[in-house]
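Asks: Spelled out from the first residue to the last, the chains are:
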Amino acid sequence: MAFRIIVLAKQVPDTRNVGEDAMTSDGTVNRAALPAIYNPEDLNALEQALLIKDKYADTEIIILTMGPPRAADIIRESMFRDADSGYLVTDKRFAGADTLATSYVISKAVEKIGNYDLILSGRQAIDGDTAQVGPQTAEKLKLPQITYAEEIIDIKKDKVTVKRRLERGVEVVESSLPALITVHSSAEKCRPKNAKLYMKYKHAKTPTELQTIADDYLNQSVRNKDYLQIEELSVDDLKCDIQKIGLAGSPTKVKKIDNVVLQSKDSKVIRDNDTEIRQLMQDLITNHTLG
Amino acid sequence: MNNICVYCEIEDGVVADVSLELVSKASKLASELNCEVEAVVISSGTEKIAEQITPYGADTIHIADDKRLHPYTTLPHAAVLTDIINRKKPQIVLVGATSVGRDLAPRIASELRCGLTADCTDLVIGDYSDPKSGREYKNLLYQIRPAFGGNIIATIVNPETRPQMATVREGVMKKEKTAKQHKTKIEKIDTMKILDNVNFAVKIIERHIEPRKVNLGAAQIIVAGGFGVGSKEGFDLLNDLAKIVGGEVGASRAAVDAGYADHSRQIGQTGVTVRPKLYIACGISGAIQHRAGMDSSAQIISINTDPEAPINSIADVTLVGDLHSVIPKMIKFYKEQSK
Numbered sequence: 001m002a003f004r005i006i007v008l009a010k011q012v013p014d015t016r017n018v019g020e021d022a023m024t025s026d027g028t029v030n031r032a033a034l035p036a037i038y039n040p041e042d043l044n045a046l047e048q049a050l051l052i053k054d055k056y057a058d059t060e061i062i063i064l065t066m067g068p069p070r071a072a073d074i075i076r077e078s079m080f081r082d083a084d085s086g087y088l089v090t091d092k093r094f095a096g097a098d099t100l101a102t103s104y105v106i107s108k109a110v111e112k113i114g115n116y117d118l119i120l121s122g123r124q125a126i127d128g129d130t131a132q133v134g135p136q137t138a139e140k141l142k143l144p145q146i147t148y149a150e151e152i153i154d155i156k157k158d159k160v161t162v163k164r165r166l167e168r169g170v171e172v173v174e175s176s177l178p179a180l181i182t183v184h185s186s187a188e189k190c191r192p193k194n195a196k197l198y199m200k201y202k203h204a205k206t207p208t209e210l211q212t213i214a215d216d217y218l219n220q221s222v223r224n225k226d227y228l229q230i231e232e233l234s235v236d237d238l239k240c241d242i243q244k245i246g247l248a249g250s251p252t253k254v255k256k257i258d259n260v261v262l263q264s265k266d267s268k269v270i271r272d273n274d275t276e277i278r279q280l281m282q283d284l285i286t287n288h289t290l291g
Numbered sequence: 001m002n003n004i005c006v007y008c009e010i011e012d013g014v015v016a017d018v019s020l021e022l023v024s025k026a027s028k029l030a031s032e033l034n035c036e037v038e039a040v041v042i043s044s045g046t047e048k049i050a051e052q053i054t055p056y057g058a059d060t061i062h063i064a065d066d067k068r069l070h071p072y073t074t075l076p077h078a079a080v081l082t083d084i085i086n087r088k089k090p091q092i093v094l095v096g097a098t099s100v101g102r103d104l105a106p107r108i109a110s111e112l113r114c115g116l117t118a119d120c121t122d123l124v125i126g127d128y129s130d131p132k133s134g135r136e137y138k139n140l141l142y143q144i145r146p147a148f149g150g151n152i153i154a155t156i157v158n159p160e161t162r163p164q165m166a167t168v169r170e171g172v173m174k175k176e177k178t179a180k181q182h183k184t185k186i187e188k189i190d191t192m193k194i195l196d197n198v199n200f201a202v203k204i205i206e207r208h209i210e211p212r213k214v215n216l217g218a219a220q221i222i223v224a225g226g227f228g229v230g231s232k233e234g235f236d237l238l239n240d241l242a243k244i245v246g247g248e249v250g251a252s253r254a255a256v257d258a259g260y261a262d263h264s265r266q267i268g269q270t271g272v273t274v275r276p277k278l279y280i281a282c283g284i285s286g287a288i289q290h291r292a293g294m295d296s297s298a299q300i301i302s303i304n305t306d307p308e309a310p311i312n313s314i315a316d317v318t319l320v321g322d323l324h325s326v327i328p329k330m331i332k333f334y335k336e337q338s339k
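Sequence lines, in order, name chains H and S.
Residues in the first sequence are numbered consecutively from 1, following our numbering.
Residues in the second sequence are numbered consecutively from 1, following our numbering.
Extracted from the complex, chain H is given alone in its bound form:
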C-alpha cells in the first residue's frame, strides 16, 4: 500500500519576538520585519505523514505552502525531513487574504495537485490562532474533516482511524478517504532534519530563486534534477476567480487596530523579605480575601 499525502504548511512570523514595526498602517502584518519559522503544529502534521511513510515506504508526501517567495524555505525544511516535493503558492494578488480567501486558494491548489488520499495540516497557525483554514479548505473540497488529531492510529486504502484530543477527553473516529485532518500540538513532535536528506535537497529551488543563482554550473545542475524543482503556482496557474482572493475575497475587514494600553493601577511594590510578606499575608487575612 502507498498513499499520496498533501501536507499544508505555513511559514509564520515568530510572534514570540514581535517588534514595533510588526504591523503596517493598514492593519495587516508586516511579515518582513519578523523572523520566519515553520508553524509548530504544521510540523506535528508533517510527522504524522512521515510516520505513514515509515510504514508504507512508497508513500508520497507533497508540501503545499502559500506565502511570499521566501516561504520556499518551508518546503526545503520539509524535504530535509523526507517530504518528496513541494508547491509554493505565491502571487502578490493573494495579499491581504483572510481565512476564507486563503482556503479558497489552497483548495484550488489541492485540486491542481490532485489524486491525493489525505490532506494534513496543523490545527492552527501561531500568527492568527484561528484554526479556520483547515475546516474551510475541507468544506471547499467537500471532504470530511477531522480536527484536533493527536494520532493517526491506522490508515487503509479507503479508511483512516484517528485519535482526537479534545478539551475534556479523547475520541477515536473513523473516516472515509480522502479526508482532511488537522493535527494538534499534543501529537508526536517532528523528527529532526536528516543530514543525508539535507545534502540531497539543499539546492532545491523555485523558478524565482533559480533566476537569482549567478553560478551557471550550479544553476544547470539544479535544473537537471527533477527532485530539486519546487513548483510555483500563481493566480493564473490556479485559474482563481479574482473576486475570491486577496482583500476583495475577504469578508472580514480590519476596522481598526489599537495598541495595547496598560491601564495602570496604583500598584503597591513590596520586596522579598519576611517583614513585608508577613504584613501582606496578614492584610489578606484581615480583609477576608483569604481564610
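Among the hints, erroneous ones may be present.
To be verified - Here are the in silico distance ranges between beta carbons for each label pair:
{"id": "1", "chain 1": "H", "residue 1": "Glu-188", "chain 2": "S", "residue 2": "Glu-51", "range": "50 to 56 Å"}
{"id": "2", "chain 1": "S", "residue 1": "Asp-190", "chain 2": "H", "residue 2": "Asp-226", "range": "52 to 58 Å"}
{"id": "3", "chain 1": "H", "residue 1": "Leu-247", "chain 2": "S", "residue 2": "Ile-244", "range": "36 to 42 Å"}
{"id": "4", "chain 1": "S", "residue 1": "Asp-322", "chain 2": "H", "residue 2": "Ala-248", "range": "21 to 27 Å"}
{"id": "5", "chain 1": "S", "residue 1": "Ser-338", "chain 2": "H", "residue 2": "Asp-258", "range": "39 to 45 Å"}
{"id": "6", "chain 1": "H", "residue 1": "Pro-35", "chain 2": "S", "residue 2": "Asn-239", "range": "34 to 40 Å"}
{"id": "7", "chain 1": "H", "residue 1": "Pro-35", "chain 2": "S", "residue 2": "Glu-51", "range": "51 to 57 Å"}
{"id": "8", "chain 1": "H", "residue 1": "Pro-68", "chain 2": "S", "residue 2": "Glu-32", "range": "53 to 59 Å"}
{"id": "9", "chain 1": "S", "residue 1": "Gly-259", "chain 2": "H", "residue 2": "Met-199", "range": "30 to 36 Å"}
{"id": "10", "chain 1": "S", "residue 1": "Arg-113", "chain 2": "H", "residue 2": "Tyr-56", "range": "35 to 41 Å"}
{"id": "11", "chain 1": "S", "residue 1": "Asn-197", "chain 2": "H", "residue 2": "Ala-95", "range": "38 to 44 Å"}
These are computed hints drawn from the structure, not numbers from a lab.
Cβ atoms here follow ideal geometry from the backbone N, Cα and C, with glycine treated the same way.
With chain H held as given, fit chain S onto it using these hints.
Replies: What follows is chain S alone, placed relative to chain H:
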C-alpha cells in the same frame, strides 16, 4: 428584522456554560438592534434542554433531535445549522470557541461564504465607513480580539456578508438570566429532510469525555504560574500555596506550551476567562492574551523578579522577588496567622 442566532452545545443533556453566556450576550445585542434571539439545539434526547436556555433570553429555540446527532460530528451539525441559517437569515451567528465550535463554525462560514472571527474578547454594535468605497454601514457587529502575539487589539467587521459570525471562549461573556419572563417559541426541525448518508462519513468509534476536573471559572482564589515558574516541579510550589489558601492553580499559555501545566488550567484569550476575588500571578509577564482572561479579578498580586513586567501595571500589589523564595514565605506566614 434579521435575528441573532446562537449555536448551543450540549454534553450529557446539559447546555454548555459558554452557550448560555452567548445567549445572554445575544439577548443584550438583540435589544440594541431591536431583533430577537434564536437558539439552536442539535442533539438527541433534548426534552430538558429548552428549559435550561429560556431564562437567558432566547425568543425561539430550534431543536433538531435525532439519535445520529449526538455525540457531535461535524457534517450533520453543519448541515442542520446551515439549513437554519439559510431559512432564517440571521444577521449574527455566535458559537462557543470550544473544540466543537472551532470545528463547526469555520465549516459553516466557508459554506455560506461569510466572515468569521475566532476567540473574540468583546462584541459591540457600531457603525463603519469603508475607507475605500466611502460606503456607510449602520449597526455592524464589531468583533474585537487581541491579535498578533497580543501586541495589538483588532476590531474586525464584516460589512458586506451575512451572517456576521464570531466564536467566543467560555467565561468571556457573563451568564445572566433576563429580568422579564421570556415567551419562548420552540421550532422542531425535521432532520430527515436535511441529512443523508454523505453527512456520516466520520463515525465515532470510541469516546472518553471526563467530567471537568478543574473549574477555574468558579474559583475565588487563583494561583497562576507563567513561564517564569521554570519547571513542572515549580508548579508543585504553586499547588501547595493554592491548597493552603483554598484556591485553584492556573497557568499562562507559555507555561502550558512549555509543559509545566495542563491545558485545562490555561487562563487567557485561548484558555479560560476568570474573575476571582484574588489572583496571584507567579512568574507571569502578562501578555495581553493572558490579561484578557484575568484582568477583571478583584485583586491581583504579581510575584515577579522583573519590576517592569507588564502584568505589574494591573496588579494591586507587586512583589518583586523570586517566586521560589517568596511562595514558601507566603505559606509559612499564612499558616502562622490564619490560626
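Asks: May I ask which of the numbered hints given earlier this structure violates, with the numbers listed in increasing order?
Replies: 1, 3, 4 and 8
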